Amino acid sequence: MKNKFSSYLAKKEPLLQALVERLNAKYEYASVLGTDVHGKNYAANRSSTSVGDNPEMESGFVFRVYHKGVSYEYATNEISPAKVGEIEAAIAELVSHPYLGKQVKMGLPKEEPLTKSYERKNVGQVYSTEKIVGILTDLVKKTVVEKNVANVSVMVSVQEISKLFISAKRHLKQYYNYSASGVYVIVREGEVTRYAYDGLDQNSLSAVVKGLPKLTKGTYKLAIELLKAELPKPGKYTIITDPSITGLIVHEAFGHGVEMDQFVKDRALAPEYMNKQVASPLISMHDGADAANSVASYFFDDDGVSAQDTLIIDKGILKAGIIDRTSALQLGVKPTGNGRRQEFSHKTYTRMTNTYFESGTSKLDDMIKSVDYGYYIAKTNNGMEDPKNWGIQCAALYGREIKNGKFTGKMISPVVMSGFVLDLLKSISMISGDFHLSGAGHCGKGYKEWVRVSDGGPSLKAEVKIG
Amino acid sequence: MIKRIIAALQSVAGVDDYQITVTEDDRHELYFVLGKRETARHTKVISYSVTIFKKMTKDGKELLGSSTFIVPYVVSKKALEKKIEEALYSASFVNNKAYTIPTGDGKHHVFHTPEITADPLKTLDEVGNAFESVVLPKKKFNALEIFLISTKVHIVNSKGVDYTKNNAVLEVEAIPSFDGHNPADPTNQKVELYKYFRYRKIDLALIHADAVHALEEVEARFNATKLPSKGIYDVVIKDEEVITLCKDLIDNLSYAGVYNHATDKKIGDVLQKVTDGEKLTIGLDRRYAADKFDGDGVLLTPVTVIKDGVVHANYGNNRFAQYLGVTPTGNLGGLKVALGKTAKEEMFKGPHLEIISLSGIQIDIYSSYIGGEVRLAYYYDGTKKIPVSGFSFSGNLFKTLENIKISQEEFTTPTYVGPKFIKLLNMDVL
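Those protein sequences? They're chains A and B, same order as listed.
Residues in the first sequence are numbered from 1 upward in steps of one, following my numbering.
Residues in the second sequence are numbered from 1001 upward in steps of one, following my numbering.
The set of hints was computed from the structure by calculation and includes no laboratory data.
Check before you lean on any hint, since a few could be wrong.
[What the hints assert, rightly or not] Short derived list, chain B residues pointing at chain A, Cβ under 10 Å: (1) 1034; (2) 1039; (3) 1068; (4) 1086; (5) 1094; (6) 1098; (7) 1217; (8) 1292; (9) 1346.
Owing to the predicted nature of the structure, the values given are computational and were not obtained by experimental measurement.
Every residue gets a Cβ at the ideal spot worked out from N, C-alpha and C, and that includes glycine.
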């Protein structure tokens, strides 16, 4: 782990500065984003160990030009004084092509001048490859001999992100890193096979490595419990969510619906509900790279816009959305620092960052006691948004049956919840006082453009359809 | 660059074998918002991935360590040698059972796919125009993203593998939308669907037809009503959902899945205990003519994984094939499923739900679950067909497979050829 800003980007800075100046002389607005992401992945299971560069490693530059109402971008990872002419020619070809049809007419960015460097270093000890691999292989050896274990996989990943943004008014640099660990256990009894998984993520390599033994033990125990799980009987149920399912709901049910690039495309229902009640008065919701310290916490976004904390729902009332720069120019509003690219060569979209519901005042025990019949739903799996029509689908690994306020010991798996966003959000009747944010997963836009996000909050009591 | 990397690999002591993979991506992209061009992009990215292999013996066991690093930009000889030394250090902790890397004849073999256009920007424009030419005031594409992707992969290893292949594909993400705004009815006034099209050649007539069909489907979603009642229904899934189902059924049957105990299914095991239905035959194939080798440099061999509902063969990469003592098929990216016996008339006879759009089909092979939230379906009650939405279906996957019907009608994508429809009987609909 280098724990500092990329020397490669620093070396290219003068050349990039000069090129942006040349482009600004020719076009109405020009900027460049330089990205240098490094990292390592460590993994072990019963038959393999692997150590290698993180597949999310990337290094390159994307030049953006706004000219006569349209956005143009050229991305490359080959940059040198000899390549400058090629880059200028590629941008000129994009701008001068005689396109058919109509074009949008967006304004130009109004940037506040800012020159600043940001840094968030790894907290705690940096472990050697030998130490990490030793811990992983020991964990596999200890777990694989446990009863019914078919296989166990454990992994640790480290990412160091350096970004450089230059436009006529802004010159920004940031370095930050995060580490993650994960475990996946498969168990088998006779013809029944089940699995369980869990993960940790923090701005501290030692913390995620130290947390692995407990995580692995808990995941094995859960997988064994799931051997007895049954398929759910379709129906409408009262549920209590764990924070990861709260995160899935906040992300899928409402997060995607307030991505304002969808407002520009008339792909969202949310504009019709601005300043109206969309959720129980108990609900307040946030998103922002500056709203929490997790895997999606950066200092400026891929448009060079400073990170912020956006209050989206305030006590059940929809107050605001999130937006990237290009979409903000079309809507005539200020960007919120949510412009993110899957990697430097991809387009910027409005993306969530750290998204959560604020915690409430109820105790989890009281929430469970209040359920006549229902399930405690846990371990997020996947979900799909429908920002225009507010349908939702959220899949969880399992549910624990609750009868007369007590767990019965019965479990269901998997749990696929669906319904209408407003029905679900308005049905929330209790919110716990605890809070947990998880950043183990990636979020797609439709079925592509994957970025790291975190989401979560407290436990919720709600009514949903399971089937 | 390859020569520089090889020279550096040969100058650092301890590298027993190596593989270099060069990937060149050239993409042109055009984005439309409400029928108007918003963004035009061109990206040109070349990346070098290097895997080094180190032979070791520990406790009398032959081992092979490996580590992969990426050289994303031009680096000095010294920096490259440092990367190799770091990879060697990492590989020394990777105590995998010994295996050998693929061998080649030392000659450079080029497997060529013709480019699909000589003028990418003009083609993007024409494709955009094909979509926009069919819109009507109430029926249009609120968003359109068009990608022309040209990729070249070159693999060189220390055992004589030297292969290059290229590929070109056109992809379109389209959001057909229907605006039936009616101030008297504040609910459900605008609807949309999500569509993703993939093409290996520029056939504007086909693209035009796909655009028209997408708009017809979204109009159906607008007209969709609630399903008359919950209960048990026969459900017909199609296209992408059929692909996902077939993919998931063979996912754990790879060499790695077998070796790592992800599956307990062996060759000859009956996966589909057919009582009154049709049997599935699912195989893996090359995705396109030039798709001759995989990421390890193994020449690909098509394989039938499930034959008539029975596990017929495993498949997969070089390393796990050697662990199991079989010949690798290579990692094949194309899915080939045998067509069924059921004619279209038979498939759609009797009351059923024909799923047009889901929020994403959910399948869990271990728990035997299949289901999903339905955004649009057609309900046929035996006499008339009506669009319906706002419900979900689910069932026991392997029980369902006992009596499925598989269509004679074919569906193809750049990575799939097989039946267009599969009928699942007695699903729970809520």
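Hint by hint, where does the structure go against what was stated? Just the numbers, ascending. 6, 7, 8, 9
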